[in-house]
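> Okay, so the sequence shown: first residue is 6 according to the working numbering, each after it adds one.
Just so you know, the hints here were simulated from the structure itself, not pulled from any lab data.
Yeah, the Cβ is synthetic: ideal placement off N, Cα and C, and Gly gets one too.
Mixed in with the good hints there might be a few duds.
Simulated restraints on C-beta separations [claimed, not checked]:
hint: 1; residue 1: Gly71; residue 2: Asn217; range: 28 to 34 angstroms
hint: 2; residue 1: Arg122; residue 2: Ser231; range: 33 to 39 angstroms
hint: 3; residue 1: Pro95; residue 2: Thr25; range: 25 to 31 angstroms
hint: 4; residue 1: Glu116; residue 2: Cys18; range: 36 to 42 angstroms
hint: 5; residue 1: Arg208; residue 2: Gly143; range: 23 to 29 angstroms
Okay, derived cross-link-like pairs now, BS3-like style, lysine-lysine, Cα gap no bigger than 30 angstroms in a straight line [claimed, not checked]:
hint: 6; residue 1: Lys205; residue 2: Lys236
hint: 7; residue 1: Lys33; residue 2: Lys61
hint: 8; residue 1: Lys205; residue 2: Lys226
hint: 9; residue 1: Lys33; residue 2: Lys205
hint: 10; residue 1: Lys125; residue 2: Lys98
hint: 11; residue 1: Lys125; residue 2: Lys188
hint: 12; residue 1: Lys21; residue 2: Lys61
hint: 13; residue 1: Lys239; residue 2: Lys21
hint: 14; residue 1: Lys239; residue 2: Lys226
hint: 15; residue 1: Lys33; residue 2: Lys188
hint: 16; residue 1: Lys125; residue 2: Lys101
hint: 17; residue 1: Lys205; residue 2: Lys188
hint: 18; residue 1: Lys226; residue 2: Lys188
hint: 19; residue 1: Lys101; residue 2: Lys188
hint: 20; residue 1: Lys205; residue 2: Lys239
hint: 21; residue 1: Lys33; residue 2: Lys125
hint: 22; residue 1: Lys236; residue 2: Lys226
hint: 23; residue 1: Lys205; residue 2: Lys125
hint: 24; residue 1: Lys33; residue 2: Lys226
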Amino acid sequence: MEVLVARDLAVECNGKSIVTYARLSLSKGDIAILIGPNGSGKSSLLNALAGHPRYKVVRGRVLLYGRDITGLPPYERFRLGLGIAVQNPPRLKGVKLRTILEAIVRRRGGEVSEVQRIAKALSIEHLLDRDFGVGFSGGEMKRAEIAMLLAQRPRVALVDEPDSGVDVDSVMIIASALDELMKSATDALLIVTHSGMIAKHIRATKVYVMMNGRVVLESPKFEVLSEVLSKGFKWIMEGGGSGR
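Using the sequences and the accompanying hints, generate a full structural model.
Here's what the structure looks like:
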């Protein structure tokens with residue numbers, strides 16, 4: 006069963022073409038890795054899938070469980086079960102992390118007692134009563150971002166570069182939390198990375214490679230990711246791999 010489909014997408018931001026061709030398909034149980042060099046359009050594609058108003062889909066469609074959500078605002082996509090962990094959310098002086106997590110849990114009708122369990126899973130209990138993002142290390146900030154995703158318990162989760170700027174211990178904690186989310190609540194994950202570090206600690210079912218605004222390769226073979234990480238993206242340009 007396809008749970009999230011991006012069909013021949015083109016995306017603009019402030020009138021500038023960012024994504025020229027993207028075709029993705031996630032089925033129930035998929036953990037998909039979207040990898041590409043910096044500036045290839047990965048995060049822009051993720052934002053477009055989530056409905057960020059700055060990222061306008063100018064061609065193609067986005068389907069969630071068969072429903073066309075291309076024109077829906079972010080809150081409607083959230084209501085339908087699409088969640089996202091973004092890069093670099095704003096620091097919020099005066100707003101505690103606990104307050105944010107409790108608000109997210111309440112919004113979906115959950116129990117606020119879940120917040121302590123989420124914080125423990127991500128080793129951020131010590132951050133709960135601190136202003137969100139203020140004085141957090143890189144690893145702490147990433148784990149706090151993932152905590153907000155866990156609080157959402159989305160049916161389909163988009164995760165933007167959870168391994169960027171963090172140490173291996175944080176990556177392992179995040180990977181474990183995402184794996185548990187898949188087991189307990191989520192049908193599919195789409196994880197963006199440019200380093201590939203997260204893929205060493207999570208069971209991926211398919212790999213997409215994005216370059217110069219285009220998804221240029223799709224493969225169910227994890228070996229493709231290993232080749233990219235060992236030989237670089239030039240391996241793709243030279244005809245390595247298979248698929249689109």
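> Pro95 and Thr25, beta-carbon distance inside 25 to 31 angstroms?
holds, 30 angstroms
> Do the alpha carbons of Lys125 and Lys188 lie within 30 angstroms of each other, as the hint requires?
Holds. Lys125 to Lys188 sits at ~17 angstroms (cutoff 30 angstroms).
> Quick check on a hinted range of 23 to 29 angstroms for Arg208 and Gly143, using CB atoms only.
holds, 25 angstroms
> Do the alpha carbons of Lys125 and Lys101 lie within 30 angstroms of each other, as the hint requires?
Distance of about 16 angstroms is within 30 angstroms: holds.
> Is the straight-line distance between the alpha-carbon of Lys33 and that of Lys188 30 angstroms or less?
holds, 11 angstroms
> Hinted pair, alpha-carbon criterion (30 angstroms max): Lys236, Lys226. Please report holds or violated.
holds, 16 angstroms
> So if I understand the rule, the pair passes when the alpha-carbon distance is 30 angstroms or less; does Lys205 with Lys236 pass?
holds, 16 angstroms
> Does Lys33 pair with Lys226 here, judged by a C-alpha cut-off of 30 angstroms?
holds, 18 angstroms
> Verify the proposed pairing of Lys205 with Lys125, using a straight-line Cα cut of 30 angstroms.
Given that 30 angstroms is the threshold and the Cα spacing comes to 23 angstroms, the pair holds.
> Does the Cβ-Cβ separation between Glu116 and Cys18 fall within 36 to 42 angstroms?
At 38 angstroms between Cβs, range holds.
> With a cut-off of 30 angstroms on the C-alpha distance, tell me whether Lys205 and Lys226 pass.
Holds, at about 14 angstroms.
> Would the hint linking Lys33 and Lys205 be met if the CA-CA limit is 30 angstroms?
holds, 21 angstroms
Figure legend: structure checked against the earlier numbered hints; every hint is met.
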